[in-house]
Amino acid sequence: MTGLEVSLEKRTDTFHLCLQWEIGNELVVILGESGAGKSMTLKMVAGLMRPDEGMVRINGRKVYDSTDGTLIPARLRRIGYVFQNLALFPHMTVYENILYGASSAHRLKGDVLRGDVMDMLCQFHIEALAGKYPREISGGQQQRTALARALIGRPELLLLDEPFSSLDNTLKTQMRELIKSIKTDFDVPVILVTHDLIDAYSMADRVIVYHSGTAAAIGQFNELMANPLSDAVKRLVDITPYMTILDKLRTDRIQTHSSTG
Amino acid sequence: MNSVFYDAMRLSLQVSAVATALVVVIGGMCAYFLAMCRFRGRDIIDMALTLPLVLPPTVTGYYLVVLFGRGGLIGRYIYGLTGWSPMFTWYGAVIASFTVSLPLMVKTTRAAIESVDSTLIDASRTMGHTEFTTAFRVILPLAKRGIIAALVLSFARAMGEFGATLMVAGNLPGKTATMPLAIYSLAGGGQWAEANMMVIFLTALSGIFLYLANRYGAKLI
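Protein sequences, first through last, are from chains A and F. For the first sequence, the working numbering begins at 1 and goes up steadily by one. For the second sequence, the working numbering begins at 1 and goes up steadily by one.
It is possible that part of the hints are untrue.
[To be verified] Straight line, CA to CA, 25 angstroms or less: simulated DMTMM-like cross-link-like pairs of lysine to aspartate or glutamate: (1) Lys43/A to Asp7/F; (2) Lys43/A to Asp117/F; (3) Lys62/A to Glu5/A; (4) Lys62/A to Asp122/F; (5) Lys180/A to Glu26/A; (6) Lys43/A to Asp13/A; (7) Lys43/A to Glu33/A; (8) Lys180/A to Glu127/A; (9) Lys144/F to Glu96/A; (10) Lys180/A to Asp116/A; (11) Lys43/A to Glu131/F; (12) Lys132/A to Asp122/F; (13) Lys43/A to Asp122/F; (14) Lys144/F to Asp46/F; (15) Lys43/A to Asp65/A; (16) Lys43/A to Glu9/A; (17) Lys144/F to Glu136/A; (18) Lys132/A to Asp46/F; (19) Lys183/A to Asp122/F; (20) Lys43/A to Glu26/A; (21) Lys62/A to Glu131/F.
Since the hints were derived computationally from the structure, they do not count as laboratory data. This structure is a prediction, so every number in the text was calculated from the model and none was measured.
Can you build the whole structure from these sequences, using the hints too?
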């Protein structure tokens, strides 16, 4: 996996997104306040929203280029996408949700496909929930199902749009560990959109800070926090002092240990 | 049951069943495209499909005569090719019932499709599924309740159709006289016992349809 190259421009009545960045085979966290254009970027990378201008290249394969008219539809981009509301199909069981994620991308059929789905259920520790509907399982189990469904098609890129927003701190800590392990186990570049600095601190290989539709800063979390060159990063640091993050993270860990122990 | 009642009931069920089958297929497709596609003229098409809902049935019937009459815009070609015209046949009654039920199917089904969470549709697309698969595996199953409600309402509307049917198919006993038309004739002729029987039957049937529509489409209608 070689990563993602993005150069995009999109204008709406109230917003102007203009950015350029590229990532390698790494876990990148896009950080920024609400309305900065984070989710919009993911949608354009995934092919769910059409940019006005620019270029998107996934693993060297051009999926959008306004100069030569290239526009690969979302279904052919081989992207795993976990939506903010998880978008689990309410009329399908956990097993059927994951099977649906596999049935098109995998081109597998019959027992091989079913075996693959069962492997994925075991890997995410949700095999006991296979016959349950999304409404019958907890938020953390829904997260695992959504991740398994996004990954079963062996995507070339995994996009996570604020996946922890509805979880409590204990579950958030567990999910952060899970996503870090996914990066290693599946060897796939991961982009996670969030406005929570803890996510960036605890997971990111690199951080992209968004501000008013631009990528205001790119770098490692520690570097950006220690030396906040751009106004956007300074604002983030001002809002959430660095030591507060460490304290919060320590508290989360204590909670996790006490709940699992 | 006497033969007038039986003939009218058989004809009403036959006309309504065929009209509803056509409405489900054609109206369902129209509703899907209106809900899912953005194109110029969408509002005009929506308005044209909805018009029979608000027009007096005789006006709708008049338009159908202009279209399907032997010398009509479409009817002349049908007559030229086959030597046959749908006017004053049970096919004419089907055309009339289809036209007046279509808006109910389109409006209700469109609302049901538009109520499906768009992120579920996006999720299906990112998983590599075609628009066709997404429609049949995600959108339509999730809009199922609204579509069933639309089907029930359309059938009920077709069963109760009077004005447009009278204009297009006439009121020929045993041939085009559906139950509403038969009731009109029986009441006009002072045959109250037969008329009462049909009125009670249609009222009961309509009550059942409304109950089913409310049960399946409570959130949509």
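Each hint, compared with the structure:
{"no.": "1", "hint": "Lys43/A to Asp7/F", "verdict": "violated, 59 angstroms"}
{"no.": "2", "hint": "Lys43/A to Asp117/F", "verdict": "holds, 16 angstroms"}
{"no.": "3", "hint": "Lys62/A to Glu5/A", "verdict": "holds, 9 angstroms"}
{"no.": "4", "hint": "Lys62/A to Asp122/F", "verdict": "holds, 21 angstroms"}
{"no.": "5", "hint": "Lys180/A to Glu26/A", "verdict": "holds, 10 angstroms"}
{"no.": "6", "hint": "Lys43/A to Asp13/A", "verdict": "holds, 18 angstroms"}
{"no.": "7", "hint": "Lys43/A to Glu33/A", "verdict": "holds, 17 angstroms"}
{"no.": "8", "hint": "Lys180/A to Glu127/A", "verdict": "holds, 21 angstroms"}
{"no.": "9", "hint": "Lys144/F to Glu96/A", "verdict": "holds, 18 angstroms"}
{"no.": "10", "hint": "Lys180/A to Asp116/A", "verdict": "holds, 22 angstroms"}
{"no.": "11", "hint": "Lys43/A to Glu131/F", "verdict": "holds, 18 angstroms"}
{"no.": "12", "hint": "Lys132/A to Asp122/F", "verdict": "holds, 23 angstroms"}
{"no.": "13", "hint": "Lys43/A to Asp122/F", "verdict": "holds, 9 angstroms"}
{"no.": "14", "hint": "Lys144/F to Asp46/F", "verdict": "holds, 21 angstroms"}
{"no.": "15", "hint": "Lys43/A to Asp65/A", "verdict": "holds, 15 angstroms"}
{"no.": "16", "hint": "Lys43/A to Glu9/A", "verdict": "holds, 13 angstroms"}
{"no.": "17", "hint": "Lys144/F to Glu136/A", "verdict": "holds, 21 angstroms"}
{"no.": "18", "hint": "Lys132/A to Asp46/F", "verdict": "violated, 40 angstroms"}
{"no.": "19", "hint": "Lys183/A to Asp122/F", "verdict": "holds, 23 angstroms"}
{"no.": "20", "hint": "Lys43/A to Glu26/A", "verdict": "holds, 19 angstroms"}
{"no.": "21", "hint": "Lys62/A to Glu131/F", "verdict": "holds, 22 angstroms"}
In this structure, the hints that do not hold are numbers 1 and 18, in rising order.
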